[in-house]
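Q: Listed in order, the protein sequences are those of chains V and F.
So in our numbering, spot 159 of the first sequence is number 159, and the numbers just go up one at a time.
So in our numbering, spot 23 of the second sequence is number 23, and the numbers just go up one at a time.
Please keep in mind that the hints were generated in silico from the structure rather than gathered at the bench.
Don't take every hint at face value.
Mimicking EDC-like on lysine to aspartate or glutamate, the simulated pairs with C-alpha atoms at most 16 Å apart in a straight line are [what the hints assert, rightly or not]: (1) 211/V / 127/V; (2) 191/V / 260/V; (3) 89/F / 259/V; (4) 122/F / 287/F; (5) 235/V / 264/V; (6) 80/F / 127/V.
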Amino acid sequence: MAEDIRDEHTAGVTADEHTPTVIADELHIVYRVNGAKTGKGSATAALSRILKRGSDETARGVRKVHAVKGVSFVAYKGEAIGLIGSNGSGKSTLLRAIAGLLPAESGRVYTHGQPSLLGVNAALMNDLTGERNVILGGLAMGMTREQVRERYQEIVDFSGINEKGDFITLPMRTYSSGMAARLRFSIAAAKDHDVLMIDEALATGDRSFQKRSEARIRELRETAGTVFLVSHNNKSIRDTCNRVLWLERGELRMDGPTDEVIKEYEKFTGK
Amino acid sequence: MPSPPQAAHPEEESYPSVSETTHDGTVAVSAPVSPDEGLTAAQLAARNGLTVSGARPSLVEYVRQLWDRRHFILAFSRAKLTAQYSQAKLGQLWQVATPLLNAAVYFFIFGVILNASRGMPKDVYIPFLVTGVFVFTFTQSSVMAGVRAISGNLGLVRALHFPRASLPISFALQQLQQLLFSMVVLFAVVVGFGHYPDLSWALIVPVLILQFLFNTGLALIMARAGAKTPDLAQLMPFVMRTWMYASGVMFSIPIMLADKPQWLATVLQWNPAAIYMDLMRFALIDDYGAENLPDHVWAAAGGWAALFALGGFVYFWKAEERYGRG
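Start from the sequences and build out the full structure, keeping to the hints where you can.
A: What follows is the structure, given as structure tokens:
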């Protein structure tokens with residue numbers, strides 16, 4: 001199955017389509033966490049830290065987390081790139097930096113068009129009906145009102161929310177976690193993107209919904225220039241990606257074709 | 001620029017799919033920033049028309065992006081407003097019931113218990129007080145929502161692309177809609193004390209527009225400050241309370257400060273919150289005449305609105321690319 005997809009995908013690649021869409025150049029991302037200095041949570045400690053101004057950030061209780069350390073790569077049009085690595089290796093952070101959502105400490109990311117993260121969760125409100133969330137989510141992703149209206153039925157049908165009765169007019173807080181996840185994915189996947197980034201989105205919903213969403217991701221990949229996929233599921237990476245970046249402790253450990261990198265990764269994780 | 005060691009190999013054995021369909025020369029392109037071509041990442045980006053991700057757009061471009069998002073801004077503010085009371089049994093009725101209860105409390109304390117009129121007839125004082133409370137609350141809640149506009153919505157900022165000014169503007173808009181519900185109660189109170197609608201009520205519209213502009217500018221400033229220093233959310237209630245007492249919400253500034261130096265009353269009267277409150281009272285209450293307003297009051301109302309709306313917008317835009325850092 002993996003082979004089919006890859007052939008289908010590469011058949012359309014010609015030399016002039018082989019243009020870079022994302023270039024990461026020595027990218028460093030650092031998070032700053034306030035008041036996370038170990039063992040000093042009391043108010044007096046916080047006060048004394050503030051008074052210590054002038055000294056460096058560490059002394060004031062700001063802890064730095066160096067999440068991505070000098071990652072460089074070039075992604076091309078038509079590629080589907082998987083990001084793998086153990087928890088906390090900087091995968092999601094890297095995605096957000098590519099999308100321009102997290103400022104870089106140093107280094108740069110150049111992109112073709114506007115990369116978008118497949119994730120609309122934060123814009124949705126549990127107290128609103130599914131119906132209003134579809135509209136709100138669509139607008140939040142930058143769709144026009146007309147586009148939202150056009151796609152509305154498509155989104156609802158895809159999510160399958162109404163299969164068991166009229167749930168779309170109920171507040172989202174009444175949905176089961178699976179239903180909510182399905183609706184979120186359906187909204188997020190409704191828009192076409194230049195560079196699309198997907199963070200663990202495939203693991204939602206029941207088996208039939210997973211199949212539908214994998215098909216939708218393949219579709220998106222055809223219309224999008226480049227797709228990035230973060231997942232811990234090696235099978236879904238194999239099924240959808242032709243290139244894999246392996247991150248470990250914020251560093252790019254390996255970059256190459258899916259089979260090779262996954263083989264090494266599985267050796268590393270002891271599978 | 002040294003190419004990362006682990007990325008140096010893919011030319012030879014890798015990308016079977018790619019090398020099948022392309023001639024020899026392109027294989028090297030598969031390697032990140034091929035040293036053979038001697039191009040730095042920046043040059044490669046420039047040659048292919050790539051731009052820096054997350055860079056701040058120009059001010060004109062920013063305004064255009066914001067305009068494109070106007071439906072989102074409106075939908076977001078209305079969604080927030082609706083979500084507020086969606087778990088309550090009475091639902092959206094609270095939009096009106098909350099200001100009504102507020103007005104009732106003030107009436108009970110100041111009108112019945114204290115019987116305080118602070119140099120005004122009672123049928124003027126109660127509408128005076130309620131107008132002041134509602135108008136000041138509009139500014140107060142815009143500031144409080146502004147402080148948290150970015151810092152309280154980091155999830156949204158880190159997940160989706162949109163001009164960040166959408167958030168503070170949306171929150172200010174939510175407060176405006178909230179005020180419109182309060183206005184219904186306010187009209188009832190004002191009419192209840194015998195001040196019937198007349199031509200001067202038309203002034204409500206320009207006053208609300210100017211105050212909304214002022215509030216939005218203030219919310220933008222607070223949003224940037226709050227994004228950098230979330231502690232402001234703890235501090236602002238005290239600042240706002242001080243501002244409230246200094247703006248003559250519960251008393252008439254010229255009457256209360258009659259025995260204090262003149263400049264103090266002038267300064268307090270010219271502060272934006274007092275200006276908008278006084279204009280609204282002037283519009284609604286028959287016996288609250290122009291003698292209670294400072295000179296050039298409309299110029300002041302317009303000036304504050306323009307200064308804060310423009311200044312706040314530019315100030316917010318200046319840090320656009322930095323919002324979302326943890």
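Q: With the threshold set at 16 Å, check whether the alpha-carbon distance from residue 211/V to residue 127/V stays at or below it.
A: Status violated; Cα separation ~29 Å.
Q: Can you confirm whether the C-alpha distance between residue 235/V and residue 264/V stays at or below 16 Å?
A: holds (15 Å)
Q: Keeping to a limit of 16 Å between CA atoms, is the pair of residue 80/F and residue 127/V held or broken?
A: At roughly 9 Å apart (the allowed maximum being 16 Å), residue 127/V and residue 80/F satisfy the hint.
Q: Does the structure keep residue 191/V and residue 260/V at a Cα separation of 16 Å or less?
A: Since the Cα atoms of residue 191/V and residue 260/V sit roughly 32 Å apart, the hinted pair is violated (cutoff 16 Å).
Q: Within 16 Å, alpha carbon to alpha carbon, are residue 122/F and residue 287/F?
A: Judged against 16 Å, a Cα distance of about 11 Å means the pair holds.
Q: Checking one constraint from the list: CA of residue 89/F to CA of residue 259/V, max 16 Å. Satisfied?
A: Not satisfied, since the Cα-Cα distance of roughly 57 Å exceeds 16 Å.
Violated hints for the displayed structure, listed by number in ascending order: 1, 2, 3.
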